[in-house]
Amino acid sequence: MSALSPQPSSKSATHTDLQANKYIPPWTSPYIIGVAGFSGSGKTTVAQKIIEQINEPWTVLLSMDNFYKPLTPEQRELAYQNEYDFDTPEAYDLEGFYNCIISLKEGKKTQVPVYSFALHNRTGENISIYGANVIIVEGIYSLYDPKVLALMDTKIYVDTDLDICYCRRLLRDIVERKRDIEGIIEQWEKFVKPSSVASVKPTMYNADIVIPHGSDNTKAIDMIIKHIRKQLQKKSEEHLAHLAGLGRVVVPLKYDNIKVLPKTNQLLGMKSIILNRETSNDDFIFYFDRIASTLISEALELVHYSPAPYDIITPSGHRITDGVVQAQEVVAVNIIKSGDCFMRSLRKIIPEAIVGKVLIQSDSQTGEPQLHTERLPQFSPGCKVLLFDAQVISGAAATMAVKVILDHGVEESEIVLVVYLASETGLRRILNAFPNVKIVVGNLSAVEPKEGQDNDTDWWMSMRFIDARRDDGTPIFINVETDRYGLPTLSLRPMAVTLGKPDVGSPMADEQSRAVAMMSKFGCGSGRDLPISAISGTIMRAATVCDTNVAMTSTIMPNRHRTVNRAEPSSLAWIASAMVLSSPETVTAFPRARPPIASMTIVHG
Amino acid sequence: MSQYENVIMLPQTNQLKCLYTIIRDRNTRRGDFIFYSDRIIRLLVEEGLNQLPVESCQIQTPLGVAYDGHKFQGKICGVSIIRAGESMEQGLRDCCRSVRLGKILIQRDEETATPRLFYVKLPEDIPERYVFLLDPLLATGGSASMAVDVLLQKGVKEERILFLNVLASPEGIEVFKKKFPKIKVITGMIDQALDEKKFVVPGLGDFGDRYYCI
Numbered sequence: 001m002s003a004l005s006p007q008p009s010s011k012s013a014t015h016t017d018l019q020a021n022k023y024i025p026p027w028t029s030p031y032i033i034g035v036a037g038f039s040g041s042g043k044t045t046v047a048q049k050i051i052e053q054i055n056e057p058w059t060v061l062l063s064m065d066n067f068y069k070p071l072t073p074e075q076r077e078l079a080y081q082n083e084y085d086f087d088t089p090e091a092y093d094l095e096g097f098y099n100c101i102i103s104l105k106e107g108k109k110t111q112v113p114v115y116s117f118a119l120h121n122r123t124g125e126n127i128s129i130y131g132a133n134v135i136i137v138e139g140i141y142s143l144y145d146p147k148v149l150a151l152m153d154t155k156i157y158v159d160t161d162l163d164i165c166y167c168r169r170l171l172r173d174i175v176e177r178k179r180d181i182e183g184i185i186e187q188w189e190k191f192v193k194p195s196s197v198a199s200v201k202p203t204m205y206n207a208d209i210v211i212p213h214g215s216d217n218t219k220a221i222d223m224i225i226k227h228i229r230k231q232l233q234k235k236s237e238e239h240l241a242h243l244a245g246l247g248r249v250v251v252p253l254k255y256d257n258i259k260v261l262p263k264t265n266q267l268l269g270m271k272s273i274i275l276n277r278e279t280s281n282d283d284f285i286f287y288f289d290r291i292a293s294t295l296i297s298e299a300l301e302l303v304h305y306s307p308a309p310y311d312i313i314t315p316s317g318h319r320i321t322d323g324v325v326q327a328q329e330v331v332a333v334n335i336i337k338s339g340d341c342f343m344r345s346l347r348k349i350i351p352e353a354i355v356g357k358v359l360i361q362s363d364s365q366t367g368e369p370q371l372h373t374e375r376l377p378q379f380s381p382g383c384k385v386l387l388f389d390a391q392v393i394s395g396a397a398a399t400m401a402v403k404v405i406l407d408h409g410v411e412e413s414e415i416v417l418v419v420y421l422a423s424e425t426g427l428r429r430i431l432n433a434f435p436n437v438k439i440v441v442g443n444l445s446a447v448e449p450k451e452g453q454d455n456d457t458d459w460w461m462s463m464r465f466i467d468a469r470r471d472d473g474t475p476i477f478i479n480v481e482t483d484r485y486g487l488p489t490l491s492l493r494p495m496a497v498t499l500g501k502p503d504v505g506s507p508m509a510d511e512q513s514r515a516v517a518m519m520s521k522f523g524c525g526s527g528r529d530l531p532i533s534a535i536s537g538t539i540m541r542a543a544t545v546c547d548t549n550v551a552m553t554s555t556i557m558p559n560r561h562r563t564v565n566r567a568e569p570s571s572l573a574w575i576a577s578a579m580v581l582s583s584p585e586t587v588t589a590f591p592r593a594r595p596p597i598a599s600m601t602i603v604h605g
Numbered sequence: 001m002s003q004y005e006n007v008i009m010l011p012q013t014n015q016l017k018c019l020y021t022i023i024r025d026r027n028t029r030r031g032d033f034i035f036y037s038d039r040i041i042r043l044l045v046e047e048g049l050n051q052l053p054v055e056s057c058q059i060q061t062p063l064g065v066a067y068d069g070h071k072f073q074g075k076i077c078g079v080s081i082i083r084a085g086e087s088m089e090q091g092l093r094d095c096c097r098s099v100r101l102g103k104i105l106i107q108r109d110e111e112t113a114t115p116r117l118f119y120v121k122l123p124e125d126i127p128e129r130y131v132f133l134l135d136p137l138l139a140t141g142g143s144a145s146m147a148v149d150v151l152l153q154k155g156v157k158e159e160r161i162l163f164l165n166v167l168a169s170p171e172g173i174e175v176f177k178k179k180f181p182k183i184k185v186i187t188g189m190i191d192q193a194l195d196e197k198k199f200v201v202p203g204l205g206d207f208g209d210r211y212y213c214i
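As given, the protein sequences belong to chains W and L, one line each in that order.
Start counting the first sequence at 1; every next residue gets the next number (the UniProt record's numbering).
Start counting the second sequence at 1; every next residue gets the next number (the UniProt record's numbering).
Possibly wrong hints are sitting among the right ones.
[To be verified] Derived lysine-lysine pairs resembling DSSO-like cross-links, with alpha carbons at most 30 Å apart: (1) L/LYS121 with W/LYS263; (2) L/LYS157 with W/LYS348; (3) L/LYS71 with W/LYS348.
[As the list claims (entries may be wrong)] Here are some chain L residues pointing at chain W (derived, C-beta under 10 Å): (4) ASN14; (5) VAL54; (6) GLN60; (7) GLY64; (8) GLY69; (9) GLN73; (10) GLU128; (11) SER145; (12) GLN192; (13) PHE199; (14) VAL200.
Simulated from the structure, these hints should not be mistaken for lab results.
Every residue, glycine too, gets a C-beta built ideally from N, C-alpha and C.
Looking at chain W on its own, in the form it has when it is part of the complex (with noise of 0.2 Å):
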């Protein structure tokens, strides 16, 4: 049975009318899990332990050092004598860091700001972070103030002998951060060792397990995980439930905020060229631009026009006191990979547009939609945004996408979305939790989304643009870039590849054996050639089309194993390697993973 789909409710009506009018995203509270440890313990190894074995792409991992306070002049000079003691919890802004912890379980997009070690102050840029669903938070310091302590669902204290910290602080700082052995025996001597017994110890008890020996104990991180991974499964369910609750038939769909564009002859020559098995993909890139103009058209009917505030001069000469303008910003949002599709009818419509994406993926084995990354402009007031995909079949993809541009501060009832293909369900589902959506539909379904069918991203028309592109088994070329809002961007063209062994020692080589090691389940051994095609339904599988070239915004994994370009560094590691091992030679450009931030890093799967 397919999560989505319409179920009988044992629930009563009104009980389903609470629900039914109001979407929760997954990110409204996040699964939070703070590991506290001394300096030393091992509690960032822990951390991304878990990180790892969650494998989720939308897990953030937020370390207490980005909030240590900046210092004065006077401090500063005591910090650079070794002098100034940053192991009290003085040291830290913990009001920052509460106020910071609240907003993300909030849901809301936070601001987290950088310290510099080098310069004992922030830097000034702050690491945004939005649509986190685990968030895990590292520090000294991150089980001690209560408030922190009622926002987190799970506490560990990583709980390890203090002379094996010792020798790990004296190891670290001495081959990784170059700094002198007395300072470091004096300092640890005069803050870290009483801090860590008189503070950091007693915060032991806060905790709601204890591992002992830390990140070298299997076990009891096993155990962890299994638990933590238990109460997302839950949080999951529950975003499931509710998503279905919005689609069930509470009131009958009201078209005041729907138009539907008219059965003209046109369209329904075009429909059925989009529709037809036999078509080509030149004549359905073509058709289908065709129906996007006249969306595009139609949705711009929704903007606001204001009588001009000056008179028209014609050529010749004649007044015009009644001349129309503009009076709205218009900015698009793509919901890759099919919004995408209609860029190039808005090119020639706005070409200067600014244009946000969002990927928004369905989980292949429960189908709930996850928001895998988001780049959205800032939004000036007043803004007209339309929303792109171009099908919606049980909504829930644009539902989040929707929830995704309120959170960026855009009004409701400004919000237009443009969709080719859409189910009533799926409507419903989306103007139930919106109501002053605006929807531009093509061609609108009554047609429930059958079983297997409402995986919003995964239906036949996406898949025209690409999967389906070679299915004559010419392999194709891989070439990646980056566009201007950093996404990655592969374009594809045939090509002969080879599997090559990977290059060990190579920064690649741990991404390039976990590939080498898939792509082999597929049947595809070392050095044999690989056609595409194989892959396709893995690597190849969110692409996205521009222009005329078929172009790819992210890697999707099978079933869960996914690394998506939220976790930029590790998605574009993943596309790389996936390109090396194609062809080295055909690498033009790809863009190297970047270094870890500070002491923030996100973290993939």
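For chain W, the structure is supplied; the task is to place chain L on it using the hints.
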């Protein structure tokens, strides 16, 4: 859409009015003039194509389901009146990629103010086709009537001619409808009147000049 039979005017939406505000403004530079006229032309072409019949057919979707669909019936070609009419060819090609195009050159004799036919080049099989006659301005209707005469002589059926123009005068439409009642005229906007020099008022200037020269 309009008080005349077989005259189809685009829906007078705010968006369309906004486009006309831009192209009527004498301060609009050529780049913008071209861009926004092209948008109007695109709407005209879509509206014109909608007048063509479709027939039902059955197709198979990629999921293997049979679907009662429609396919376009009949072939079309475009005929532009040189030079301003050529500005509309691309708009037609944007919707029908490899459409055949014919050309007719008609110019107004400066002394007699009557149109004269200079040049005609049309596809051989034009009698079998729907013809999209392209001229952005319908003022007196003199040159367009002459172009239609040429088409009728070549064997095109009157009811298979669609005349697309960006701006029309009431006089021009009157003349045209009296002469060729079966032709479908598709226009973006109908202006107030013609002045003594036979220009459309308030108009948008010389379309060809603004699109190509000034």
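Tested hints:
Restraint check for L/LYS121 and W/LYS263: the C-alpha separation of about 36 Å exceeds 30 Å, so the hint is violated. Of the supplied pair hints, the one linking L/LYS157 and W/LYS348 is violated, its CA atoms being roughly 35 Å apart against a limit of 30 Å. Proximity of L/LYS71 to W/LYS348 is assessed by CA-CA distance (about 27 Å); at most 30 Å being required, the pair is judged to hold. Taking 10 Å as the C-beta cut-off, the interface hint given for L/ASN14 holds, the closest approach to chain W being about 4 Å.
For L/VAL54, the suggested interface contact is upheld, since its CB lies about 5 Å from the closest CB of chain W, less than 10 Å. Checking L/GLN60 against chain W: minimum C-beta separation of about 5 Å stays under 10 Å; hint holds. Because the smallest distance between the Cβ of L/GLY64 and any Cβ of chain W comes to about 8 Å, under 10 Å, the interface hint for this residue holds. Interface restraint check for L/GLY69: the shortest CB-CB distance to chain W comes to about 3 Å, inside 10 Å, so the restraint holds.
Because the beta carbon of L/GLN73 sits about 9 Å from the nearest beta carbon in chain W, less than 10 Å, this interface hint is met. Hint status for L/GLU128 relative to chain W: violated, with the closest Cβ pair at about 19 Å, above 10 Å. At about 23 Å, the closest approach between the beta carbon of L/SER145 and any beta carbon in chain W exceeds 10 Å, and the interface hint on this residue is violated. For L/GLN192, the shortest C-beta to C-beta distance to chain W is roughly 9 Å, which falls under 10 Å, so the interface hint holds.
For L/PHE199, the shortest C-beta to C-beta distance to chain W is roughly 6 Å, which falls under 10 Å, so the interface hint holds. About 9 Å separates the beta-carbon of L/VAL200 from the nearest beta-carbon of chain W, less than 10 Å, and the hint is met.
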